[in-house]
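First to last, the protein sequences are chains A and B.
For the first sequence, our numbering begins at 718 and goes up steadily by one.
For the second sequence, our numbering begins at 71 and goes up steadily by one.
Treat the hints as calculated values from the structure; they're not laboratory data.
Please note: incorrect hints may appear among the correct ones.
Taking lysine-lysine pairs in the DSSO-like style, the calculated list, with each CA pair at most 30 Å apart, reads [as the list claims (entries may be wrong)]: (1) 779(A) / 121(B); (2) 779(A) / 1041(A); (3) 139(B) / 1048(A); (4) 900(A) / 988(A); (5) 87(B) / 168(B); (6) 779(A) / 143(B); (7) 87(B) / 982(A); (8) 1041(A) / 232(B); (9) 988(A) / 1041(A); (10) 814(A) / 121(B); (11) 162(B) / 121(B); (12) 1041(A) / 143(B); (13) 139(B) / 232(B); (14) 814(A) / 140(B); (15) 814(A) / 143(B); (16) 143(B) / 168(B); (17) 143(B) / 75(B); (18) 1048(A) / 168(B); (19) 139(B) / 81(B); (20) 1048(A) / 81(B); (21) 988(A) / 927(A); (22) 982(A) / 121(B); (23) 814(A) / 119(B); (24) 119(B) / 900(A); (25) 1048(A) / 232(B); (26) 988(A) / 779(A); (27) 143(B) / 1048(A); (28) 1048(A) / 814(A); (29) 779(A) / 232(B).
Listed next, the stretches of chain A that the computed footprint assigns to chain B, with coverage defined by at least 3 CB atoms under 8 Å from CB atoms of chain B [what the hints assert, rightly or not]: (30) 763-774; (31) 880-893; (32) 988-996; (33) 1048-1057.
Just so it is clear, the structure is predicted and the values come from calculations on it, not from any experiment.
Here a beta-carbon is modelled for each residue, glycine too, at the ideal position from N, C-alpha and C.
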Amino acid sequence: MATQTEETRIVEFDVRTDEMLINMGPQHPSTHGVLRLVLRTDGEIVSEVTPHIGYLHRSAEKIGENLTPRQWIPYTDRMDYLAGMNMNLGWAMTVEKLMQLELPEKARHLRVIICELGRIASHLVGMGAYGLDLGTFSPFLYAFREREKILDLFEMVCGARLTYSYLTVGGATADLPPGWIEKCEAFLTELEPIIWEYHTLLTTNSIFVKRTGGIGVMSPEMAIDYGCSGPVLRGSGVDHDLRRDGEEYYTQMYDGYAFEVIVEKEGHYPKDHTYPAVPRDAVLGDCWHRFYVRMLEVIQSIDLIRQGFDRYSTATGDYGVPVKLAQKLPKGEVYLETEAPRGQMGFYLVSDGGSIPWRARARSSCFCNLSVTPELCRGVLLADVPAVVGSLDIVMGEIDR
Amino acid sequence: MSENKFLAGLKQQFGEKITGGNLDALDPWVEVAAEAIVEVGRFLRDDPKLKFDYLNCISAVDYFHTDEKKAAKAGWEPHLEVVYHLFSMSFKHSLVMKVLLPRWQNDAEPQLPEMPSVAEVWSTADWHEREVYDLMGIRFAGHPNLRRILCPEDWVGYPLRKDYEMPLEYHGIRGR
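Excised from the complex, chain A in its bound form (with noise of 0.2 Å):
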């Protein structure tokens, strides 16, 4: 590469680079997990990057076909571990379809605060892991700090800090114990003002927005053609939520329920709530919306729980029906996606009439989510490839299952 000049200031030069390849990973601190990146470099340019996975690929999907459905709830909370209950969910969904039960509304408002609690704290974990990215280490503890409130209160509920299994088929494995929800608000209403800590801290953060502000562009074509969902997805301004547009058997959860779905719309975000303003740099579509996305899905997410609270304590009937744990299930087949943190979240379930599944399959979102980084990393600098990847916030307990 050679730079000519006719002002005397800059020497000229002609330094010739070489391509070189660059292993990224399994065991890079910013690749979020055990994932594999090979780039292809010229000097600081990436040209070329090709992502490897499968390193903690676990057969769910084989597990799947020997277990009774209730007996995969475990294995759904070890896919994507930072938002466990949202995975049960999905799954327990899944099987619930094809049994066409009805529940109670008591078991219905409660998963829906469940639910959302466990997306506030994927979301945090989300934010504070992509401060670790781009080299800020305070984010993270912070993030962490709220996020422990929340598992203390998912402790409470099921006694797990991770892995809960709570949510399963037919409701919920135990009601929500007596004084939770008291609790639990007083934790919305101390988290609520923390978020504009954490809006100073990075969003609006001139260096922030300066890593992430116009990188990694990704058109709404582009993320509708790669299946990108979730805030990957609204980050390109595409107006898709599951909770409003999925399929009525998932959407009647929500029934009732008033929120906005988090997408720029004619140059702006739903005005229910004051947000800090977009900064000059960002660019629709870049790193600096999908994380943007993310942190007003967290006071979206705080605002739909209060909803529940009221909803639950006077709704009637139970926290479950009972299902028996090797219960038969109908011949047939099912398809349902849920929205859980990070994407669309699908489950394919089908049946010969046994109480073993024939077949289950797991539909990641992260998958996909992370098909599209040879795209958006081309011609990008060197230093930029941890803040694209980072900004889909993938997991890659369950991109390999």
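Please build the complex by placing chain B on the supplied structure of chain A, with the hints as guidance.
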């Protein structure tokens, strides 16, 4: 759009390439001949009334009983099924496409069955087809980069097949 009209219209357009369907199932599905999958897929994506521009998932199911007694009662011949779940971002409706394949090409055991790739229609299919190839052993003709994705590249066998047997040893690591 009436659902039966939709199937009739599809049959009229593609004739024998639409081999069946059931629009009353929990998830309505149509069955497409393997060689026509790209053509039908492109039509479903581009038709202004359908616009199935989003491919959710490709799954493969192995219909095979290792137990002969159960196989006699099953009611189907052994085969593989590739299932495409489609969604339309504009109209928010969904459809399932199915393709039936033999378990082995020409029933000759180590020869993998082959069908055209839809990676040029939906980019999602790129990785999903690699996964199906890796775990179920189906070749996708015209795929840009058909390699194993989850298992190591020198892995032997296709783990999600019903007659798969876990290897006893892999690079000195004991299995089972």
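Problem - List of violated hint numbers, smallest to largest - result: 1, 7, 9, 17, 19, 24, 26, 31, 32
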